[in-house]
Amino acid sequence: MMRIALLHCKMGCILMEGIVVKNLTRDFAYYEKEAGMKSSVKNLFHRTKQIRRALKDLSFEIQKGEMVGFLGPNGAGKTTTIKILSGILHPTSGEARVNGYVPWERKKEFKKRFAYVAGQKSQLWINLPAVDSFALNKSIYEISDAQYRQTLGELVELFGVQEFLKVQVRRLSLGERMKMEMIAALLHRPEVIFLDEPTIGLDFIAQNNIRQFLKDYNRQNGATMLVTSHDLKDIEELCQRTMVISHGDLVYDGTLEHIRSIFSKKRILNVQWNSPVPRADLVSFGTIKNWEPMKAAIEVDDAAVTQTIHRLFAAFSVGDIGIDAAPLEESIARLYEQGAQGAEYGKI
Amino acid sequence: MKERMHELKWYVRVAVHFGKLSLQSTMEYPLNFVSGVCVELAYMMIKLVYLYVVMSSGMKVGSLTSDMVIMFVGTYIFMTGVWMFLSGVNSIPEQVIKGDLDLLMTKPGSLQFLQTFGKYNFALAFPNVTVGTMLMAEGWKRCAIPATIGHIGVFVLYLAAGIVLTYSFGLMAALLVFWVTSLHAVSTLYAALWDYNNMPMELYPKVIRQIGTFLIPIFLVTNWSGMAILGRLDLLQLIWGIAVSVLAFILSRLMWNAGIRRYTSANG
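Those sequence lines, one after another, are chains C and H. Taken in order, the first sequence gives residues 16 to 363; the numbers are from our numbering. Taken in order, the second sequence gives residues 9 to 276; the numbers are from our numbering.
Hints were generated in silico from the structure; no laboratory data involved. All figures in this text were calculated on a predicted structure; none of them were measured in a lab. Think of the CB as a built atom: it goes at the ideal place given N, C-alpha and C, for glycine as much as any other residue. Hints are not guaranteed to be accurate.
[Claimed, not checked] Some chain H residues close to chain C (C-beta under 8 Å, calculated; not the full set):
#, residue
1, E11
2, W18
3, Y19
4, V20
5, V22
6, Q32
7, S33
8, T114
9, G117
10, Q120
11, M142
12, E146
13, K149
14, T272
[Claimed, not checked] Heads up, simulated DSS-like pairs for lysine-lysine below, C-alpha to C-alpha not over 25 Å straight-line:
#, chain 1, residue 1, chain 2, residue 2
15, H, K106, C, K64
16, C, K122, C, K153
17, C, K64, C, K127
18, C, K37, C, K136
19, C, K136, H, K106
20, H, K127, C, K122
21, C, K248, C, K280
22, H, K68, H, K214
23, C, K153, H, K55
24, C, K248, C, K136
25, H, K127, C, K181
26, C, K310, C, K281
27, C, K122, C, K64
28, H, K149, H, K55
29, H, K214, H, K55
30, C, K127, H, K149
31, C, K37, C, K153
32, C, K136, H, K17
33, C, K123, H, K17
34, C, K122, H, K17
35, H, K28, C, K181
36, H, K127, C, K136
37, C, K79, C, K53
38, C, K53, C, K64
39, C, K127, C, K79
40, H, K10, C, K127
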């Protein structure tokens, strides 16, 4: 048996810095209704309460200063976890500590030490320039004038948004607005940051800016970050460690590369020909993932790579050949699928 | 004690900041402000027509003269302005349904404070508070009530109690969103109850007065300040006026806590 994730702190240990989650469970109640009027009438008198378990005994730890990616399909429990750790939701059972605080107790001191950034939520006053919302946060977080000036100056420079500070938020592009959201969230210099889909809806330039900014902020401030995203690039670029959650279960805890090595026993041969090769002639070599007359991408078993290359050279006039790992998305998708079937790879 | 003072100062400072930003937002779109004022003035004209009928006919409402009625109608219009002003309270249902309390919950300080005093509507409040204040002053003058510190103190005390009731009742009505998904019926019912204060409570039969005083004490919002100053309330009623405000505030606070426990955000 292989253990992918090594937990550093066993049961009973509470980290004063960083994040500790133990056996976190969250249920949501709902009612079901069959189609049609008959069941509507029936539901007037009696409704059977159903429980959906969004989180199932979730446990993990994140050390101070770590940037951890949180992956999972829709409805896996990523946002629920982040909302519990931010104190927005109460868990049904289990324990959690963020920098030593129980999040759902919502203590003022705790709230001053973390930030929650959600790509689809805004804290800015839309009819006013962002700088007015920043000033409000200065009051709320009781930031001194000197610290406010210094932090704002640094964040504005990191993002390069000086020229947009005095522009109404509603007039900003989505990317510019997201940068302003980040600045508003980080003005009080949080030690822990929860990022829920921080780059959603942004173009790739804005995405790169946000990622670079988060890396810089982490390096300069040693902030602990938990990032959820459907965009694997966010996780690949930002996080050394990735947790994968599926149906409320933690199914993996380790590096992204490791996921690929576990699930992908395949390689992609990218071949360029000196003269056109018909698609039909390549079928016997492997699964054709991509084909054009002068080039092709062929998926083959890891063990058959060398032999297939020899066969290709023997059969065709090969101009160039490259070997790539199978796309990470495919491995992640397989992890999701197997997670849905109840496998727990983080605990193998 | 020092900590409490620090906290109090924080709440005042943040509330003032919220007020400034609300006003600044309004000033960014002056036409919206003007149209809001116009809408409220149109509604107010209807209220003033009732008053005009009373004034021109010289009719009495119960034992109240038409001059006294001016003060009661003024208080009602003023309180309507207060209700309109608290857009943070009135926007709770929408915020809850859309899951927009999330970010607010992560901010230091009381969530109830941040939500209910987080936004103000100056456009809808301005005409009501201005005209209401003018009518209260005019009614006071016509009734020849001496402007002593004692009289003004009592009037302001029950006006403040009315403001607390306006806040608490409005909050409780809005908080029902945690238990029912559509608040249309509740909002309509609450607005209808509110309009019972269009005229002094003496206009209504005794059974309605009893219900509006003890069961659903909506009459206390706008009647008690005027009746206290005119010496129409006995000691028990004076105490009841303050007690109901305190109880309603406590109840709204309990209801807030119970509601927030049911908050599941938008896609939790």
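Closer than 8 Å between Cβ atoms is the bar; does Y19/H clear it against chain C? Give me holds or violated. Cβ of Y19/H sits 11 Å from chain C, so the hint is violated.
Does E11/H meet its interface restraint, that is, does its C-beta lie within less than 8 Å of any C-beta in chain C? Violated, about 11 Å.
Is the Cα-Cα distance between K68/H and K214/H 25 Å or less? Within the cut-off at roughly 17 Å; holds.
Just to be careful, I want the Cα atoms of K149/H and K55/H compared with a cutoff of 25 Å; is the pair within it? holds, 21 Å
When the nearest CB of chain C is found for T272/H, is that gap smaller than 8 Å? OK, holds: T272/H within 8 Å of chain C, min 7 Å.
Just to be careful, I want the Cα atoms of K248/C and K280/C compared with a cutoff of 25 Å; is the pair within it? holds, 22 Å
Are the Cα atoms of K122/C and K17/H separated by 25 Å or less? The hint holds at about 18 Å.
Can the restraint linking K127/C and K149/H be considered satisfied, given a maximum Cα separation of 25 Å? violated, 52 Å
Given M142/H as an interface hint, is its Cβ closer than 8 Å to any Cβ of chain C? violated, 30 Å
Interface hint outcome for Q120/H [beta carbon to chain C under 8 Å]: violated, 12 Å
Should the interface hint for E146/H be scored as holding, given a Cβ-Cβ cut-off of 8 Å against chain C? violated, 36 Å
Does K153/C sit within 25 Å of K37/C, going by the straight-line distance between their CA atoms? violated, 34 Å
Checked against the numbered hints listed earlier, the structure breaks hints 1, 3, 4, 10, 11, 12, 13, 17, 18, 23, 27, 30, 31, 32, 37; every other hint is satisfied.
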